[in-house]
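These are the residues of each chain, in order.
There are 2 protein chains.
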Amino acid sequence: MSILIKNAKLLLTPTKTIEKGNLYIEDKKIVDFKKHSADTVIDASDHVVMPGLINAHTHIPMVFLRGLAEDLPLKQWLEKEVWPREKKVNGKIVYHAALLGMAEALASGTTSIVDMYFFQKELATAAKESGIRAWLGYGSMDGVPSSELDTEIKNERAAIRAVMDTGSERVMPIISPHSPYTCSKELLIHSGEASKELNLPLQIHVSETKDEVKQLRKVVGKPPLKYLDTLGLIGPRTIIAHGVWLTPGEVMLTSKRGATLAHCPVSNFKLGSGIAPIHKYIEKGMNVALGTDGPASNNSLNMFEEMKVAALGQKLSVPDFASRKVIDMATVNGARPLDGQLGELKPGNKADIIIMNLNGPNMAPVVNKTQIINNLVYGARGSNLSHVIVNGEVVAKDGRALRIDVEKSSRLLLKEMDKRGVL
Amino acid sequence: MSILIKNAKLLLTPTKTIEKGNLYIEDKKIVDFKKHSADTVIDASDHVVMPGLINAHTHIPMVFLRGLAEDLPLKQWLEKEVWPREKKVNGKIVYHAALLGMAEALASGTTSIVDMYFFQKELATAAKESGIRAWLGYGSMDGVPSSELDTEIKNERAAIRAVMDTGSERVMPIISPHSPYTCSKELLIHSGEASKELNLPLQIHVSETKDEVKQLRKVVGKPPLKYLDTLGLIGPRTIIAHGVWLTPGEVMLTSKRGATLAHCPVSNFKLGSGIAPIHKYIEKGMNVALGTDGPASNNSLNMFEEMKVAALGQKLSVPDFASRKVIDMATVNGARPLDGQLGELKPGNKADIIIMNLNGPNMAPVVNKTQIINNLVYGARGSNLSHVIVNGEVVAKDGRALRIDVEKSSRLLLKEMDKRGVL
Chain A
31 MSILIKNAKL
41 LLTPTKTIEK
51 GNLYIEDKKI
61 VDFKKHSADT
71 VIDASDHVVM
81 PGLINAHTHI
91 PMVFLRGLAE
101 DLPLKQWLEK
111 EVWPREKKVN
121 GKIVYHAALL
131 GMAEALASGT
141 TSIVDMYFFQ
151 KELATAAKES
161 GIRAWLGYGS
171 MDGVPSSELD
181 TEIKNERAAI
191 RAVMDTGSER
201 VMPIISPHSP
211 YTCSKELLIH
221 SGEASKELNL
231 PLQIHVSETK
241 DEVKQLRKVV
251 GKPPLKYLDT
261 LGLIGPRTII
271 AHGVWLTPGE
281 VMLTSKRGAT
291 LAHCPVSNFK
301 LGSGIAPIHK
311 YIEKGMNVAL
321 GTDGPASNNS
331 LNMFEEMKVA
341 ALGQKLSVPD
351 FASRKVIDMA
361 TVNGARPLDG
371 QLGELKPGNK
381 ADIIIMNLNG
391 PNMAPVVNKT
401 QIINNLVYGA
411 RGSNLSHVIV
421 NGEVVAKDGR
431 ALRIDVEKSS
441 RLLLKEMDKR
451 GVL
Chain B
31 MSILIKNAKL
41 LLTPTKTIEK
51 GNLYIEDKKI
61 VDFKKHSADT
71 VIDASDHVVM
81 PGLINAHTHI
91 PMVFLRGLAE
101 DLPLKQWLEK
111 EVWPREKKVN
121 GKIVYHAALL
131 GMAEALASGT
141 TSIVDMYFFQ
151 KELATAAKES
161 GIRAWLGYGS
171 MDGVPSSELD
181 TEIKNERAAI
191 RAVMDTGSER
201 VMPIISPHSP
211 YTCSKELLIH
221 SGEASKELNL
231 PLQIHVSETK
241 DEVKQLRKVV
251 GKPPLKYLDT
261 LGLIGPRTII
271 AHGVWLTPGE
281 VMLTSKRGAT
291 LAHCPVSNFK
301 LGSGIAPIHK
311 YIEKGMNVAL
321 GTDGPASNNS
331 LNMFEEMKVA
341 ALGQKLSVPD
351 FASRKVIDMA
361 TVNGARPLDG
371 QLGELKPGNK
381 ADIIIMNLNG
391 PNMAPVVNKT
401 QIINNLVYGA
411 RGSNLSHVIV
421 NGEVVAKDGR
431 ALRIDVEKSS
441 RLLLKEMDKR
451 GVL
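Chains as they are written, first to last, in our numbering: chain A, 31 to 453; chain B, 31 to 453.
If you are wondering where the hints come from, they were derived from the structure by calculation, not from laboratory data. Careful, some of the hints might be misleading.
Which copy is meant is left open, so a pair is good if it fits within one copy or across any two.
Stated by the list, open to error - In silico lysine-lysine, DSS-like type, Cα no more than 25 Å apart, as pairs:
hint, residue 1, residue 2
1, Lys240, Lys256
2, Lys36, Lys248
3, Lys310, Lys240
Please model the complete structure; the sequences and the hints are all you need to start from.
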């Protein structure tokens with residue numbers, strides 16, 4: 031199958047553009063910027079074509095919890111509202127909630143997600159069916175000190191197998207120990223080794239809240255990221271989720287190791303965790319990506335909104351923070367730990383591409399390249415998207431994920447939640 | 031003309047709901063919640079019907095500056111980018127830019143705007159044509175000390191006449207001295223008197239930045255709001271825009287006077303002005319409304335986004351801040367200084383109403399009333415709107431403002447900007 035996108039403004043990266051050009055896709059990849067005959071021709075006059083957005087940290091099935099419990103601090107929220115409900119969750123709930131989340135993500139321009147949750151078989155099935163590109167991780171946790179190390183290692187292995195079993199090149203596993211405060215030293219060491227042995231990326235929650243950092247320091251005598259580094263977890267394929275409270279030393283270390291931070295500003299605001307000073311992190315050479323976190327603490331899976339809030343959060347203290355940087359965060363920086371063939375429009379890269387209509391009143395007037403980039407950060411909405419292409423296939427069009435039946439999944443999700451007493 | 035909205039979830043106010051009911055509109059007003067035959071019947075099953083959103087502070091024609099200059103601190107941004115361009119602006123630019131802004135506002139659920147700008151004739155024409163409800167103010171400023179008091183008083187009177195001359199009941203003037211640091215004492219006193227004599231609301235920028243407060247205190251020996259109060263400007267029909275840096279005494283005074291604060295969180299973040307502690311203001315009894323500020327410093331005119339950012343900004347320090355409160359801010363609180371017949375769905379009130387589809391994946395699953403309200407704050411988008419009704423007329427449908435030709439206004443705006451050297 032081939033697609034020709036013609037007459038488009040091409041945003042290859044935030045600093046490399048083609049004013050009016052073509053983009054040719056064949057066999058799931060970007061071939062070149064020439065004109066070709068193709069199975070599908072998309073006339074993209076008055077449109078911007080850019081890399082699909084990469085949501086570098088989420089818990090997508092938490093759609094089932096969206097809006098159900100609000101206005102609580104993190105600890106109470108987890109202990110009173112989230113965990114009791116999560117105990118009753120089954121694969122069916124995860125499957126339908128994930129499909130709804132993927133529909134929202136795709137419709138608003140996200141082509142890749144990095145997820146951490148449970149029920150990998152159902153999650154992988156949802157990802158395969160939806161058309162999204164997904165790294166799915168089993169959030170392993172065995173307690174500190176360990177109470178179920180072997181079980182968790184077994185669970186993790188089964189989860190990896192379940193993901194691989196889909197046989198989809200778009201659906202991949204990621205090693206995902208939950209955090210240094212919920213995983214034993216042994217499980218953490220095992221996770222780092224597994225990542226290297228299996229050549230898989232690794233994600234872990236680090237320094238989300240001030241309290242959690244304080245508590246952990248008491249137990250292990252080091253700040254969280256340094257601790258994880260001594261256990262071998264911090265490298266170029268590592269995604270650190272949150273990192274709101276990294277010490278200057280940890281910032282340097284993260285940069286030196288080439289690890290990626292997944293900044294999740296909406297969730298960090300909403301749970302009162304704080305604003306990660308990513309302008310400083312970027313200055314120190316850190317690769318900063320962007321994530322929505324789970325829809326229970328956001329409550330959206332919308333990377334355009336996340337870009338805006340990310341920029342706003344920095345501008346509060348650094349008004350000249352360059353907006354363009356958040357486009358890097360949402361594209362190429364997210365790709366780095368995952369897949370070298372994503373995040374930029376260039377020949378040979380995988381065809382994960384979004385096409386935005388510039389004719390909406392929220393994007394008007396269209397004056398020049400710099401202004402379009404600013405408007406992509408501050409003004410664009412998912413509703414401006416005309417096409418979302420993943421792996422060379424149009425999977426969303428005009429704000430609708432084509433492969434997902436939203437009405438059906440909503441209905442079946444509610445039915446199952448009711449049955450299991452999750453409502 | 032009559033409209034019956036049937037089978038809807040009615041959110042009369044954030045705390046008063048009807049699970050499944052009807053809403054009947056006749057002669058531009060809400061009549062009752064019974065079934066009637068009507069000229070237009072809207073089946074709103076799986077929809078929420080709520081009061082239209084009130085944008086309590088904006089400069090809507092600044093659409094022409096949107097995205098053109100970014101990443102600068104306030105002073106440089108104004109002096110280098112905004113003011114030189116604004117000098118070249120004419121009525122045509124304002125007219126088309128305003129139409130684009132009104133299209134965006136209407137399509138995303140805003141039924142009323144409070145504006146401060148220049149070229150009231152063209153602005154009023156745009157408002158009349160677009161179908162939006164608008165309070166339009168001439169941003170008067172004569173310098174401190176005054177250099178052109180008489181001219182500004184004349185300009186203001188002419189602007190009021192221009193607005194009244196449209197003859198539209200939806201389009202009204204508002205007295206709008208720019209700020210205590212750009213207006214002389216005489217102009218401020220005159221403005222307060224004019225507001226009372228003409229029975230018009232009054233809006234003014236107050237305490238947006240820390241520096242501005244410091245500077246003014248040096249000149250007048252008082253904090254800004256206290257100063258304005260001694261000049262007679264602070265009363266129940268006053269809208270204070272921003273108020274990021276009010277002193278505790280000023281907060282008490284604002285509450286006592288029954289004045290309204292228009293909180294503009296996105297703009298305050300983006301220009302690095304700070305986060306107004308509105309949770310404290312509300313606690314002290316202040317009527318807090320919500321505004322987007324101008325699209326040059328936002329860059330959107332989207333009140334759903336503004337609600338979310340408003341909630342996030344408070345949650346950063348007060349995680350249990352009740353999300354519901356921002357719906358009050360965006361509806362009934364905004365109505366208070368303007369028009370007692372707006373902001374709530376009740377018999378006799380003006381029919382400014384929005385209808386939201388709950389079937390989008392970003393709103394799923396729909397569980398209960400509280401959860402819907404949470405999702406309206408954190409998950410809803412303009413794209414969920416099916417109908418926007420102002421003064422009993424459907425003026426936007428499925429994300430499109432029906433009376434505005436966006437393509438035409440974009441084209442003519444660009445042409446005129448080019449001609450005047452504004453690009």
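So, going through the hints one by one against the coordinates:
1. In the homo-oligomer, the alpha carbons of Lys240 and Lys256 lie at most 25 Å apart inside one protomer (16 Å), although the nearest pairing across protomers, at 38 Å, exceeds that limit.
2. For the homomeric pair Lys36 and Lys248, neither the shortest alpha-carbon distance inside one copy (59 Å) nor that between copies (60 Å) is at most 25 Å.
3. Taking the shortest Cα distances, Lys310 and Lys240 sit within 25 Å of each other both inside one copy (18 Å) and across copies (24 Å).
Comparing the model with each numbered hint stated earlier shows that hint 2 is the single one that does not hold.
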